[in-house]
Structures are given as C-alpha cells and as structure tokens.
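Heads up, the sequence shown is in the working numbering, so the first residue is 775 and it goes up one at a time.
Hints are computed from structural coordinates only; laboratory data are not their basis.
Some hints here could point you the wrong way.
Below, simulated DSBU-like cross-link-like pairs (lysine-lysine); rule was C-alpha separation at most 30 Å, straight line [to be verified]: (1) K785 with K797; (2) K797 with K783; (3) K797 with K819.
Label pairs and their calculated CB-CB ranges [claimed, not checked]: (4) F787 with S822: 19 to 25 Å; (5) I792 with K819: 25 to 31 Å; (6) K819 with F796: 15 to 21 Å; (7) E823 with K797: 14 to 20 Å; (8) N814 with N776: 17 to 23 Å.
Just so it is clear, CB atoms sit at the ideal spot from N, CA and C, and this is done for glycine as well.
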Amino acid sequence: MNIASTLNKIKLFEELVIESGFKRDAIDYHQSIQQAHNRNLTFMKDLSETIIL
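Sequences and hints are given; from them, build the entire structure.
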C-alpha cells in the first residue's frame with residue numbers, strides 16, 4: 775500500500791466515521807448503555823437498529 779492509497783483511506787474513514795456523526799453517536803450510545811435503567815432488551819434492540827441504519 776503506498777502513501778497516496780493510505781491517505782485516501784484515512785480521508786474516507788474521516789468522512790464515514792467522524793464527519794458523518796457516527797463517532798459522536800457511538801459515544802452517546804455507549805453512555806446510554808452504562809445507565810442502569812437502559813439495560814433492557816427493548817432498549818438494546820432499538821439501539822442496535824439505529825446503529826445499523
């Protein structure tokens with residue numbers, strides 16, 4: 775893999791994960807799961823469906 779290819783992959787990652795808001799959403803979902811009242815199966819199912827979309 776050459777330098778240009780690596781830079782393109784980094785740019786694509788930044789667009790898909792960071793700029794799209796997925797990173798922010800994943801952090802928020804992780805914090806939601808940490809809370810005791812959100813540890814039921816319905817909440818987890820809704821959360822996983824949101825992440826997939």
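Here's how the hints hold up against the structure:
no.: 1; hint: K785 with K797; verdict: holds, 15 Å
no.: 2; hint: K797 with K783; verdict: holds, 17 Å
no.: 3; hint: K797 with K819; verdict: holds, 19 Å
no.: 4; hint: F787 with S822: 19 to 25 Å; verdict: holds, 22 Å
no.: 5; hint: I792 with K819: 25 to 31 Å; verdict: holds, 27 Å
no.: 6; hint: K819 with F796: 15 to 21 Å; verdict: holds, 19 Å
no.: 7; hint: E823 with K797: 14 to 20 Å; verdict: holds, 19 Å
no.: 8; hint: N814 with N776: 17 to 23 Å; verdict: violated, 49 Å
In this structure, the one hint that does not hold is number 8.
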